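Assemble the whole structure, with the sequences as input and the hints as a guide.
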Amino acid sequence: MAEIIELEIPARAEFVALARLVVSAMAASDSNLGDERVDDLKLAVSEACTNAIEAHDAAGSAERVVVRCKAGSGALEVCVEDRGQGFDPAQLPDHPPVTDPDRLKFERGLGIPLIKALVDEVEFSPTDRGTSVRLVMRHIADTAGRG
Amino acid sequence: MDLGLDVEERDGFAVLSVRGEVDVYTAPRFRERLIELVTEGKHKIIVDLEGVDFLDSTGLGVLVGGLKRLRSHDGDLLLVCTQSRILKVFEITGLTKVFAIHDSVDAAVGGGSGGGASA
Numbered sequence: 041m042a043e044i045i046e047l048e049i050p051a052r053a054e055f056v057a058l059a060r061l062v063v064s065a066m067a068a069s070d071s072n073l074g075d076e077r078v079d080d081l082k083l084a085v086s087e088a089c090t091n092a093i094e095a096h097d098a099a100g101s102a103e104r105v106v107v108r109c110k111a112g113s114g115a116l117e118v119c120v121e122d123r124g125q126g127f128d129p130a131q132l133p134d135h136p137p138v139t140d141p142d143r144l145k146f147e148r149g150l151g152i153p154l155i156k157a158l159v160d161e162v163e164f165s166p167t168d169r170g171t172s173v174r175l176v177m178r179h180i181a182d183t184a185g186r187g
Numbered sequence: 012m013d014l015g016l017d018v019e020e021r022d023g024f025a026v027l028s029v030r031g032e033v034d035v036y037t038a039p040r041f042r043e044r045l046i047e048l049v050t051e052g053k054h055k056i057i058v059d060l061e062g063v064d065f066l067d068s069t070g071l072g073v074l075v076g077g078l079k080r081l082r083s084h085d086g087d088l089l090l091v092c093t094q095s096r097i098l099k100v101f102e103i104t105g106l107t108k109v110f111a112i113h114d115s116v117d118a119a120v121g122g123g124s125g126g127g128a129s130a
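Same order as they appear, the protein sequences are chains Y and Z. Numbering-wise, the working numbering puts 111 at position 71 of the first sequence, and it's gapless, one number per residue. Numbering-wise, the working numbering puts 90 at position 79 of the second sequence, and it's gapless, one number per residue.
Hint data in this document are derived by calculation from the structure and do not stem from the laboratory. Each hint should be verified, as a subset may be incorrect.
[Said to hold, decoys possible] A few chain Z residues facing chain Y, derived, Cβ under 8 Å: (1) V100; (2) I103; (3) T104.
The model shown is predicted, which means the values in this text are computed figures rather than measured ones. Cβ atoms here follow ideal geometry from the backbone N, Cα and C, with glycine treated the same way.
This is the structure we're talking about:
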């Protein structure tokens, strides 16, 4: 049976650390995830929560961000749900190549590429009230052959 | 959440040692300290990340902004980092090609930015 932990945090920057702490504690208790992958998930959750809080800020929403963590057979899943104005990752501008001096004009926009690189699956879904970001970290035995 | 930001002078460099977690909450203080140093005329800065437990994209943004600011003053921003979990963030984003990353403050002081990433 899947274990589920749900956390609602005020949409403020100081609470991102709490979300990281809860998710990483749950991930660390999962013996099928190694330390490095727990760190990867922790970073991905931080990025998703940061985006959620910024979405609330942009929308002027005082509602809470929901972080739902599900430890099931074969994977650990984390959903971060915001009540922002919606978000389409396909609309993000491409950064110039890192060797291009113009790259330094871009201080933002690294969160989504990081999330995509760190977790096994990521899904951005519009909801009736905002955006849901689903992060999946598969258990070690299920990631054989993962690049 | 505690963020430590200590500055010392070293052979013409300002060495900013960062301790703790750098995220959306603490990054503004980090950015502010870097800007203060540049405003004080310190245009050769080494950011020592050895005491950093966690760094996300907002921290990377501060460093990118700092480098841009320093280069506009013909200065430079060098990094010290040997922790694999922190280096990984630079590697994924390609920023190992943007920053010179050294193994120690001594190596940064002696090596400048010519060597690029050591990761």
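How the hints compare with the structure:
| no. | hint | verdict |
| --- | --- | --- |
| 1 | V100 | holds (7 Å) |
| 2 | I103 | holds (5 Å) |
| 3 | T104 | holds (5 Å) |
The structure shown violates none of the earlier numbered hints.
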